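> Model the placement of chain B on the given structure of chain A, informed by the hints.
Number of protein chains: 2
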Amino acid sequence: MMRGFPEAEFKARTQAAQARMAEEGLGALWLTSEVDVRYFTGFLTRFWESPSRPWHLVVPAAGKPIAVIPSIGAALMGRTWIDDIRSWSAPNLADDGVSLLADTLGGIEGPVGVPSGYETHLRMPLADFERVKTMSAHCFTDDRGIVAGLRAIKSDAEIAKITHICGIAGRAFGRMDEIAGEGVALSQVFRDFQRLLLEEGADWVPYISGGAEQDGYGDVISPAKDDPLQVGDIMMLDTGAVWDGYFCDYDRNFAIGTASDAAQGAHARLIQATDAAFQMARPGVRACDLWKVMADIVGGGEGAGRLGHALGMQLTEGLSLTPQDQTVLHPGMVLTLEPGIDVVAGKIMVHEENIVITEGAARAISPFATSELPVI
Amino acid sequence: MMRGFPEAEFKARTQAAQARMAEEGLGALWLTSEVDVRYFTGFLTRFWESPSRPWHLVVPAAGKPIAVIPSIGAALMGRTWIDDIRSWSAPNLADDGVSLLADTLGGIEGPVGVPSGYETHLRMPLADFERVKTMSAHCFTDDRGIVAGLRAIKSDAEIAKITHICGIAGRAFGRMDEIAGEGVALSQVFRDFQRLLLEEGADWVPYISGGAEQDGYGDVISPAKDDPLQVGDIMMLDTGAVWDGYFCDYDRNFAIGTASDAAQGAHARLIQATDAAFQMARPGVRACDLWKVMADIVGGGEGAGRLGHALGMQLTEGLSLTPQDQTVLHPGMVLTLEPGIDVVAGKIMVHEENIVITEGAARAISPFATSELPVI
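From first to last, the protein sequence lines are chains A and B.
Sequence positions in the first sequence follow our numbering and run 1 to 376.
Sequence positions in the second sequence follow our numbering and run 1 to 376.
Isolated chain A (complex conformation) (with noise of 0.2 Å):
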């Protein structure tokens, strides 16, 4: 599996963003977030953890996307297809940057864009972008979606990676009995399957969560407990894993020495809606359609809320599958199928697998579990 990818990529991205920019009249595109300056150009490095300094990004109308970032990343970004870098020693509470931003977009003809709708953020302090508007004296607007947009059609070698790290997912869930049974605290269960991640070949572990009670879990958000898990829990591990900066995002249910009829009759409706939805998700399908499918299965309604997302560079983006979002499935979309189901009062049971769109029926990117609940 190759790291990286051609040139020819990072070129095609640049032209397809360039083209709907000639559409809608702007000048130039201004991005400051991680995955957004990865995906013109490749750069990948962990270091963006660190919130000390911005980096940004300006795709100008025609030619090259210009790096404007702290000299720390320059020899870093110099070996990406990028040729114009500008850059600072940051941090610098003076200047961080702003003046060379300023200048780089003065030459600029045109409104320019920045990501401003559903999930972006602008990732630099907002006195320091008020400053970079006053300085450049530009007009300023949204970014029309363009950057959403491209970053949900992905390509051949992008789908290859997110393929590539949910196999990994796979083995490291095949493992489970390995690390997880009676009298383990969850706690633990949570810090031993991130070191299965890696050793199946994760490059990070940037998510885990899941939830382990009698029968269900009450939620899927918060930290593990060090309480050990007893005989009739259901345990649910989900994972957020990265290869080559793609996520995987799907997870496993297991049963803690015995299932009960509820938790395996409330599992095998899940694989039933999972399936439903795998079977209908094709070009011209909206994602609210997929929400149906699945939500008319697990019951609900409306209040079942999300039942999926798209995912590839972060570990949610783009579409969801909720009854409003009317986005139309296209070739290349990469999703998770997420149905929850209430398995008794107040447990919840969720379950997801990963697919790609293709032209004609939907692949799937995770092994897709059967019907009948594992029991560990």
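Hints are computed from structural coordinates only; laboratory data are not their basis.
Treat the hints with care, as some may be off.
For chains that are exact copies, the list does not tell them apart, and a pair is met inside one copy or across any two.
[To be verified] The calculated SDA-like cross-link candidates involving lysine to any residue, where the alpha carbons are at most 20 Å apart (straight line), are:
1) LYS133 / ILE153
2) LYS292 / LEU93
3) LYS11 / ALA62
4) LYS347 / GLY117
5) LYS347 / PRO51
6) LYS11 / GLY117
7) LYS225 / ALA94
8) LYS347 / GLY78
9) LYS11 / SER260
10) LYS225 / HIS164
11) LYS133 / GLY117
12) LYS225 / MET176
13) LYS133 / SER116
14) LYS64 / THR80
15) LYS133 / GLU199
16) LYS11 / GLY27
17) LYS11 / THR80
18) LYS225 / ARG79
Computed from a predicted structure; not experimentally measured.
Just chain B now, with coordinates in the frame of chain A:
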């Protein structure tokens, strides 16, 4: 080691903020980032990895903070000390918490402070930020650095957590000969080092970095290569591991097989610089003073860059050890001392330790390395 904090700690943080708000004439603080929300609530979840949902906390002039959050987090927030939790079913593209937040801010008297300065960012879409500002018809301003100022001085309980994760990392570094040596790829060492950190008790490893080349390394932010380590390489590993939401951030250098005189000399100089800053670090000394004592030893002058920073809930936060940063040290600050040195042309070596400022001499919280460069 107890997880979380007693309620008294959150109350003290809130009251300290409110005292500062009164001085600055602010009616409320509006917080959107993971660390700022967690600082005042204890709301700890890795779910922030998903950018799909914004989270808000409003700290009023008096009384407990008010959480305005997606319903998926209401149960977990309900287990914190926060009583007033207002939630909506997110994501909702039509109104993603905007009107709920505007209503909440509507009742506030006086300007609303939003963190806008160095190292901050607004973790919500810019377009929704503008909508909230318009709908609430409020006066918005920056937070006068109140949140960063409070977070800079750690409580004993916070220091204990950072010390705990420093100890975990120390045990993982102590096992380096299990995973690294001639012929092993640095990418494999990265993976295994994360595994060791988890085995030794880290909850999570958000960040590692490093490098390995003959006599030093070119930079410290690039992904690890698949090339095998060679005799004479100097390998550095730096961690960002987390326990209960608090980071360590220090590194170790190792020579593969043998260390050249240049490498040994450089390492000894780095230890000398670290020790000099450690001896000097006490209340009243400025960040730039620590920078100078190290820069004078490692050379490089202004080009030496940042030679350390504060840390805590973030890998890097607060002051910087640079020539410009005049921040005065106070008891309770937790710092990294991070000198770097040119070993041979184009190759650097970086050393890093973690310390806490007390009323008297600083205290080491990472297990300080000695002058001798370890050979594996």
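> Decide, hint by hint, whether the structure agrees.
We went through each hint and held it up to the structure:
In this assembly of identical chains, the alpha carbons of LYS133 and ILE153 never lie at most 20 Å apart, being 31 Å within a copy and 33 Å across copies at closest. Taking CA atoms no more than 20 Å apart as the test, LYS292 paired with LEU93 passes between copies only; the shortest distance there is 18 Å, against 51 Å inside one copy. Proximity of LYS11 and ALA62 under a CA criterion of 20 Å is satisfied intra-copy only: 11 Å inside one chain copy versus 54 Å between copies. Proximity of LYS347 and GLY117 under a CA criterion of 20 Å is satisfied in neither setting, with 34 Å inside one chain copy and 43 Å between copies.
Taking identical chains as interchangeable, the C-alpha atoms of LYS347 and PRO51 are never at most 20 Å apart, the minima being 37 Å within one chain and 26 Å between chains. In this assembly of identical chains, the alpha carbons of LYS11 and GLY117 never lie at most 20 Å apart, being 25 Å within a copy and 35 Å across copies at closest. Taking CA atoms no more than 20 Å apart as the test, LYS225 paired with ALA94 passes in neither setting, with 45 Å inside one copy and 36 Å between copies. For a Cα distance limit of 20 Å, the shortest separation of LYS347 from GLY78 across copies, 17 Å, qualifies, whereas the shortest one inside one copy, 52 Å, does not.
In this homomeric assembly, LYS11 and SER260 never come within 20 Å of each other (Cα to Cα): the closest approach is 55 Å inside a single copy and 43 Å across copies. In this assembly of identical chains, LYS225 and HIS164 lie within 20 Å of each other by CA distance solely across copies; the values are 18 Å between and 31 Å within a copy. Taking the shortest alpha-carbon separations for LYS133 and GLY117, both the intra-copy value of 19 Å and the inter-copy value of 16 Å come in at or below 20 Å. Taking CA atoms no more than 20 Å apart as the test, LYS225 paired with MET176 passes inside one copy only; the shortest distance there is 18 Å, against 30 Å between copies.
In this assembly of identical chains, the alpha carbons of LYS133 and SER116 lie at most 20 Å apart whether taken from the same copy (15 Å) or from different copies (15 Å). In this homomeric assembly, LYS64 and THR80 come within 20 Å of each other (Cα to Cα) only inside a single copy, at 11 Å, whereas the closest approach across copies is 49 Å. In the homo-oligomer, the alpha carbons of LYS133 and GLU199 never lie at most 20 Å apart, since the shortest distance is 47 Å inside one protomer and 48 Å across protomers. With identical chains, the CA atoms of LYS11 and GLY27 are at most 20 Å apart within one copy only, with a shortest distance of 18 Å there and 49 Å across copies.
In this assembly of identical chains, LYS11 and THR80 lie within 20 Å of each other by CA distance solely inside one copy; the values are 12 Å within and 48 Å between copies. For a Cα distance limit of 20 Å, the shortest separation of LYS225 from ARG79 across copies, 13 Å, qualifies, whereas the shortest one inside one copy, 44 Å, does not.
Of the numbered hints stated above, those contradicted by the structure are hints 1, 4, 5, 6, 7, 9 and 15, listed in ascending order.
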